[in-house]
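Mind docking chain B with the ligand on chain A? Use the hints.
Chains A and B are the protein sequences, given in the same order.
According to the working numbering, the first sequence is numbered sequentially starting from 1016.
According to the working numbering, the second sequence is numbered sequentially starting from 725.
Watch out, some of these pointers could steer you wrong.
What the hints assert, rightly or not - Reference listing, derived: stretches of chain B covered by chain A, where coverage requires no fewer than 3 residues with Cβ under 8 Å from a Cβ of chain A:
hint, region
1, 758-770
2, 879-888
3, 1048-1054
Stated by the list, open to error - Listing some non-contacts, in silico: residues in chain A with all C-beta distances to chain B over 12 Å:
hint, residue
4, R1020
5, A1065
6, P1069
7, F1075
8, Q1077
9, A1081
10, G1082
11, A1084
12, D1139
13, A1158
14, P1164
15, G1166
16, F1171
17, Q1178
Think of the hints as simulated: they come from the structure by calculation, not from any bench.
Beta carbons: idealized from backbone N, C-alpha and C, even for Gly.
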Amino acid sequence: MSGFRELRSQSVVLRQTNIDTDQIIPARFLSTTERAGLGRNAFNDWRWQADGTPNPEFPFNQPENAGRAVLLAGRNFGCGSSREHAPWALTDLGLRAIVSSEIADIFRNNSLKNGLLPVVLAEDDVQALMERPDDELVIDVAARELRTPDGRVYPFPLDAFAQTCLLEGVDEMGYLLARQADIEHYEETRHAR
Amino acid sequence: MNSPDTQTMTTPPPRTLFDKLWDAHVVSPESDAAPAVLYIDLHLIHEVTSPQAFTELKSRGLKPRRPDRTKATMDHSTPTLPAGADGRLPYYTAAAETQVQTLARNCAEHGIELFDMGSDQRGIVHVIAPELGFTQPGMTIVCGDSHTSTHGAFGALAFGIGTSEVGHVLATQCLLQRKPKSMAITVEGELAPGVGAKDVILHIIGVIGVNGGTGHVIEYRGSTIRAMDMEQRMTLCNMSIEAGARAGMVAPDEVTFAWLAQAPRAPKGADFEQSKRDWASLRSDEGARHDVEVRIDAADIRPTLTWGTHPGTAIAIDAPIPAANDAAARKALDYMAFEAGHALAGTPVDVVFVGSCTNGRLSDMREVASVLRGRSIDPRVRMLVVPGSEQVKRQAEAEGIDAIVRAAGAEWREPGCSMCIAMNGDLVAPGQLAVSTSNRNFEGRQGPGSRTLLASPLTAAWAAVNGRVSDPRELFAARKEVA
Ligand code: SF4
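Isolated chain B (complex conformation):
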């Protein structure tokens, strides 16, 4: 029947971007009795969280259902120093080397494409998949890694899973999921010079809290987000998990399409044009409701760092460390050896780490080079600059960034997770204070007893030069004077 009445009744309700992504991947819907079966378009795996999943498959006599939808890389346990004179890579432990070899064996056995040691496209999983164009709008993407939220920057539904679930996806290309709630975070206005995407996300986590996003998928929107390039959007979405969110996403637009147009494994030619038309519908409809809405004014965001032992302890660089009003805050202050009431600016720094899936991309390398060019780091500081992938490394070297980093007295390393998780022997020593562009400042994250301040690449590089936490806005004030 086609009366006007029934047409009104069947007008679909407005949907959020997340609703659209979810609906398109439901194999069987959820009920009170059972979660939805959700189809996964792209499954990324790495050496740390996959071996037990392959063992599980084997014990059940199963094979991966869609090896073509599975891509593998090695990043966490891999050394960031080149092979020695004997040609051997300096693995931190025999177990680390075994883990890497296990992944290579599993991939070879099942026909899974692997970006192996020696591949010029290897790197941190969340850096290479977007770089190569595997990450595309409208996809569901999972990885046994919480920072899978990074890929949401392309308008994909991307989230981290555990190893049991890695096994589920390998065996069935599906996951059992209940639909999370949705949250919109709208950021409006222009960011001040010296303030970047990392400051935005640290500020947001400081506002909504380390568990503020629990049970939700976040859609970032507003003029500030639209003005960001893809690398900035990835930095933003990357840390959604640090607010407890299941995923973070940005609706795709021309910026997204321009990135994909040059990505080697994205659709090409007529396929690309068709995909682009499909992708253009991936946005929240007018009037679509989110369960929670948060508004942030870009003008309120200053260079932001963390003072404590979780990312929710983010404060502006010139703001006082808050007074401890509970046992957890007292413990954090004690661990960090900080005093409430003092600002972070001026704090002496031992180590500076630039890298990770949050800030290990080419634009981050360029920002660091812009600070280090013609300067030296403080001789008391150890600084590691670790590109997020072989491709980032190659491009940065083509621009002479490695030479600038070395000339400043910092170390230029091979790609990998490195000091972000400190599994490969790149460690901050006990008690040392590190300014890091990574995403976690948990106790011991960068090595037992390590103390971490999370910050942007600009803030990190400027701290290395000055030997103490310093406001990167100084760089821009000075530049204006010179000009």
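Chain A on its own, in the form it takes in the complex:
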């Protein structure tokens, strides 16, 4: 994974709370053995009408939202299943950050492994940002803060390890593989107990 230092983008707004992983990528699109190409089915049942044409009401179908990499979402985004297809679909759609007042555990974990940054802010702050989706937001990973053009600064929590991984492109698998000796020691001493 390449590094992730700073993101500048306008945002797309989905006010809905409790957007679950079945909404992000319905289960019928999980019969794949690949991880690429899931973007078309991101938010599938909201995005496409029964006849396959785009639902003009849905924000991701509106031309002014094209290319926006930040999603401002209602509380408890990503609840439901552990399918990593959810962040795969969102990054394939072009998203790099999700801003919400609460982001479900497994989804947050999965996102960080795919260069999709979960940004948790206070509910009032998320609401305020939702009023101004055309502002270019700056999400600064090193400073762990989100900034607006009018100078407001919103710090957000980010695990130190996750931050290092993002900034330096460290990969967790590599990190674990480097702990081979510890793992062997654990297996041996535990067996001898």
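Chain B with the ligand alone, transformed into the frame defined by chain A:
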């Protein structure tokens, strides 16, 4: 030094069950800079969330570190209808069949034990691992599947992971984890007839909310939980994730040991006796503190269903659907085509689904049979009864449950996830209302446009008979009169 003073100082602080499980699996402790490296005892895999992990391993030239600690089954994409006249299984799509074949190939290549199509021990991953005795107290258990929380019923630390993490566990048998917080949910008292474990967990999620457990591991305790059998405890722990919790668990006891004593792959003989002694220490110490404590009175729990589009919308069967006080609730009411103020009882039903890792076990099949015996389902209702595993199916058939189900006008299917996730072609049609014993009522979960009420097997079966949502306590009132 051994002065009384230093001894007092070194008396270990009381620990919760979760603390004990966590501590026993730390390969290297967490620090501000890095999460803990946590050892995984049992890794379960299925066809949907594993293929990309094997691809990742291959691209790095790696092999699974402990294939012996990895067990595989196929459940999500598999058909629940038997092979046709040509001997071929009726896969819903070519992609589904490819996914199943990919798992078989990956397992063969790496020497991973697979409960393949045709195995008489195959089934839903969270049904077969406990059934076979792979799931044991004191273990860390993971699977690329959020309902891995089910295995916590045995006093294991069990949780769902993503596909990247499936790759981590395959390659290193370890995960990078920060320790979650702990929550104790104490349920005291006796459950009323017609009220079961499913009602208990739906009630709990209704109380603490769909995100009430976020960041926590839940320990369920209290007299109500102690009185539950293993299958009920599994139903309970299964849905911990629906409250956002990382895991759910119940301290092991004689009920747990009795289950394991008859499980084919659990320790045997002297090993079993030794294990039992080890397992007996797996309980929260006196005075151990949980970060959050919740108390529930069993007497408050009535048959419970969901009215909306997430499991937190659980209400008692005779309670009014709450007024919508935000946009999300309005959207949910709109999607479900329900009106606030009405009770769910009496709502006409199109489909009834009994099955899933929540309620697809033998006791669930028996409950359904107890309702259907000598009755017919409403002719307007389509009812699917899907055993959670080949073993459940076989035992149920030995008891004649399949015949009761068929005679009532319902379909008796082959084991798998089926309509719980609707990946295999078992679908609820757009707009149809289903009463389901599964665990998720998200929009479109059971098929595009499907509307789902989550309920217990008793409530589901009784709804099928009446063609509308009906209170299963009626069954018990009637039985008393007859007696
Ligand atoms: S039965 Fe449903 S919840 Fe359980 S593993 Fe299968 S799809 Fe997931």
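We went through each hint and held it up to the structure:
1. 758-770: That given contact holds, which follows from 4 residues of the region 758-770 of chain B lying within Cβ reach (below 8 Å) of chain A.
2. 879-888: This one holds; 5 residues, not fewer than the three required, reach chain A with a Cβ under 8 Å.
3. 1048-1054: Satisfied; 3 residues make the cut.
4. R1020: 19 Å, holds
5. A1065: 8 Å, violated
6. P1069: About 16 Å separates A:P1069 from the closest Cβ of chain B, which puts it past 12 Å; holds.
7. F1075: Holds, because the least Cβ-Cβ distance between A:F1075 and chain B comes to about 17 Å, which exceeds 12 Å.
8. Q1077: 19 Å, holds
9. A1081: 25 Å, holds
10. G1082: Per Cβ check, A:G1082 is outside 12 Å of chain B; nearest 26 Å; holds.
11. A1084: 21 Å, holds
12. D1139: 15 Å, holds
13. A1158: With a cut-off of 12 Å, A:A1158 remains clear of chain B, as the shortest Cβ separation is near 18 Å.
14. P1164: 27 Å, holds
15. G1166: Per Cβ check, A:G1166 is outside 12 Å of chain B; nearest 30 Å; holds.
16. F1171: 16 Å, holds
17. Q1178: 10 Å, violated
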